[in-house]
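The sequence shown begins at 1 in the numbering used here and counts up by one.
Warning: the hint list may mix true and false statements.
Result set (BS3-like, lysine-lysine): computed pairs, CA atoms no more than 30 Å apart in a straight line [claimed, not checked]:
(1) LYS63 <-> LYS81
(2) LYS197 <-> LYS179
(3) LYS179 <-> LYS81
(4) LYS139 <-> LYS197
(5) LYS81 <-> LYS55
(6) LYS55 <-> LYS67
(7) LYS139 <-> LYS67
Derived from the structure by calculation, the hints contain no laboratory data.
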Amino acid sequence: MPDPRIVGVMQGYAFQQRKGSAFYHLFRELDSAGELVGVVGLSIPRWLRMGLRLKNASPNRVKWNAKDQLDLMRYQLLSRKGRNGLANFEDEYNAVLQIGSNMNLNQFCEGKNVPAFSFHDNNVFAYTRSLPPRLLPEKRIQTAVDYEKRVYEGLSGVFTMSKTLARSFVTDFGLPEHKVHYAGFGSPFVAESLEDKAYDQQRILFVASHSFERKGGVTLLNAFRKIRQSLPNAQLVLVGRDWEIEEPGVEVHGFLDKRDPIDNEKYQQLFRGASMFVMPSFNEAFGEVFIEAMSHGLPCIGTNAGVMPEIICDNGAGEVIEPGDVDALAKSILGLLGDPSGLREKGEAGHRAVRSEYSWDNVIGRVNKVVSSFL
Numbered sequence: 001m002p003d004p005r006i007v008g009v010m011q012g013y014a015f016q017q018r019k020g021s022a023f024y025h026l027f028r029e030l031d032s033a034g035e036l037v038g039v040v041g042l043s044i045p046r047w048l049r050m051g052l053r054l055k056n057a058s059p060n061r062v063k064w065n066a067k068d069q070l071d072l073m074r075y076q077l078l079s080r081k082g083r084n085g086l087a088n089f090e091d092e093y094n095a096v097l098q099i100g101s102n103m104n105l106n107q108f109c110e111g112k113n114v115p116a117f118s119f120h121d122n123n124v125f126a127y128t129r130s131l132p133p134r135l136l137p138e139k140r141i142q143t144a145v146d147y148e149k150r151v152y153e154g155l156s157g158v159f160t161m162s163k164t165l166a167r168s169f170v171t172d173f174g175l176p177e178h179k180v181h182y183a184g185f186g187s188p189f190v191a192e193s194l195e196d197k198a199y200d201q202q203r204i205l206f207v208a209s210h211s212f213e214r215k216g217g218v219t220l221l222n223a224f225r226k227i228r229q230s231l232p233n234a235q236l237v238l239v240g241r242d243w244e245i246e247e248p249g250v251e252v253h254g255f256l257d258k259r260d261p262i263d264n265e266k267y268q269q270l271f272r273g274a275s276m277f278v279m280p281s282f283n284e285a286f287g288e289v290f291i292e293a294m295s296h297g298l299p300c301i302g303t304n305a306g307v308m309p310e311i312i313c314d315n316g317a318g319e320v321i322e323p324g325d326v327d328a329l330a331k332s333i334l335g336l337l338g339d340p341s342g343l344r345e346k347g348e349a350g351h352r353a354v355r356s357e358y359s360w361d362n363v364i365g366r367v368n369k370v371v372s373s374f375l
């Protein structure tokens, strides 16, 4: 049986490298394992991308983004660019791994007699469930569903970051279970010893590089104001962008590039110095930052939306609340900060989960096993 020689295909690969995304780490780890021959990075010219954005313009920013996300014209452009990129790829490969479903490369791969796979942190069902009710016409959503289903039906296999998403591919799209494979996610950080970890500093960490409101930043800020009435020494550390927030107890850090050794060390120091991690997002496709927090032994608070219950509750690493519930969030944070031994217990549980489950060795092993079976 030949070893996998995978070529990756992804939109915006350069940007994913810059922000150190999960998919960047996936390709990096496949490369380290000797299974990746290269990545075809796809991009749409700026003028054309602006035109597509304007085509979907809406006074409602959430609706505008949703229309853009489900724009089949963009998918068609990326599909053509992906096929051209593979046709011009110089190194020999025996498998294709595309990120997401915003391109259809099936016919090209069939013509080359090469198995094609996709890797996902989300799908259209999971995405649209995170949107406000009746934001988009059902016809628009169904068109996107039909497109994605055609992509999946032509693939040799579908990999997911979470077990929650794997179930969605089976129940929502009707894909056979043998075609859907939970691969997981590996922490970009080594799970350090917690022997000297302190949990009594009342430092709450929040990380988001965009969408402050959708990531629950406003909910957390309102909850923190309530918390300070009971715990005047509590601190809230906001990381990811200069949010221009000046309030007592709030510390703001801008974007930190995890590829840069100095920024990466500062980023990890902020985790090491925190007592807990809180991101009450309205939805998370995967939420890899929770895994980063668990790597540093931080108990987590998220919401009961998307994959967060799987990552947090199933591993005993913290608690979840209803999205947008300021009072419930304040109560949850106060309860945990008032119990340092309970914080340590949840932090250690998450830490163990990272060491046993969320490792890149596990992910690459699962991908290798499936891809190899088609070679």
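Evaluated hints:
| no. | hint | result |
| --- | --- | --- |
| 1 | LYS63 <-> LYS81 | 27 Å, holds |
| 2 | LYS197 <-> LYS179 | 42 Å, violated |
| 3 | LYS179 <-> LYS81 | 26 Å, holds |
| 4 | LYS139 <-> LYS197 | 52 Å, violated |
| 5 | LYS81 <-> LYS55 | 21 Å, holds |
| 6 | LYS55 <-> LYS67 | 9 Å, holds |
| 7 | LYS139 <-> LYS67 | 12 Å, holds |
Of the hints listed earlier, those the structure fails to meet are numbers 2 and 4, in rising order.
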